[in-house]
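*Asks:* Going by the numbering used here, the sequence shown opens with residue 190, and the numbers climb by one from there.
Bear in mind the hints are in silico, worked out from the structure with no lab data behind them. The beta carbon of each residue, even a glycine, is placed where N, CA and C say it ideally should be. There could be a bad hint or two in this list.
What follows is a list of derived Cβ distance ranges for each label pair [said to hold, decoys possible]: (1) E332 with A449: 47 to 53 Å; (2) R489 with A442: 15 to 21 Å; (3) D204 with V485: 40 to 46 Å; (4) G359 with G404: 33 to 39 Å; (5) E353 with P323: 18 to 24 Å; (6) A492 with S227: 45 to 51 Å.
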Amino acid sequence: MGIRHYLKDIGRGKDGARALSRDQATDLMGQVLDGTASDLEVGAFCVAMRIKGETPEEMAGFLDAVHERLEMLPASSRPLVVLPSYNGARKLPVLTPLLALLLAREGLPVLVHGTATEDRSAHSADVLAALGLPALQALGEIEPGQVAFAPTALLLPGLQRLLEVRRTLGLRNSAHSLVKLMDPLAPVAGDSLIVGSYTHREYAQSMAATIALTGSDALLLRGTEGEPVADPRRTPQMDGFLAGQPQPCLQEAQGGPLTALPTLPTAIDAASTAGYIRAVLAGSLPVPAPIALQVVHIVRLTAQI
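Let the sequences and hints guide you as you build the complete structure.
*Replies:* Here is the structure:
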């Protein structure tokens, strides 16, 4: 039947659009991911949802469709930390790989996943490759203390195609929110911790509601330029969730004027960022305090899973 009947509900503008149920959202996203919807329908879906905005129930349904099709990883002996990395470097170096390697140093298995959805100076995949960690060609178990990078296309080609629509339309779509909360171990509760990030405060509430509906274990924070790593200059608020239930606030946001700035590379290309990360891991440069705190909170959350 296609997705035309769903477009009639979601395509009536910001005030006239009707929200979909979780089951309807699952069916709609499933057709988009499977490629049964036409290019015109997919474009209409992307624009309609951009104008309407996703409800937590719709996001939970979209995630259900993703998890039904995602290439799942085998569980490790310790909870897998999942770092979605899609934005890359803008004004600051992308330090998601530093966070990943610090967590691995704590004995955790870490999966970074992502794809380049915009033309930027560097992405996590570039930095990890410069550190000797090329992208996976096939999925397998990630051992404790190991960092792996999985391209989105390896996890779910249909999701990669949906992300690529941005290059045609010039607009973000629901896929850019989905990837921040998807779990490659979703069928096995308690085997992973999602580190989700938001750029605008209003998204914190909707992401928290989606985490509650999906029963996920997660750490949620305002990331650095869309990346799931704390801003190295100022500690953001960090919130934890276990089985979808909010925990007492893990970390209050740092207030007041900045009195000191960390030493960061002046260039944001992959080679410069990789050199900085090597220096931090070797101890010749300090770990930025906000990132060190994020590591502590993630380790504590995984110990409770």
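*Asks:* Taking the hints in turn, state whether each one holds.
*Replies:* Outcome of the hint check:
no., hint, verdict
1, E332 with A449: 47 to 53 Å, "37 Å, violated"
2, R489 with A442: 15 to 21 Å, "18 Å, holds"
3, D204 with V485: 40 to 46 Å, "45 Å, holds"
4, G359 with G404: 33 to 39 Å, "35 Å, holds"
5, E353 with P323: 18 to 24 Å, "22 Å, holds"
6, A492 with S227: 45 to 51 Å, "48 Å, holds"
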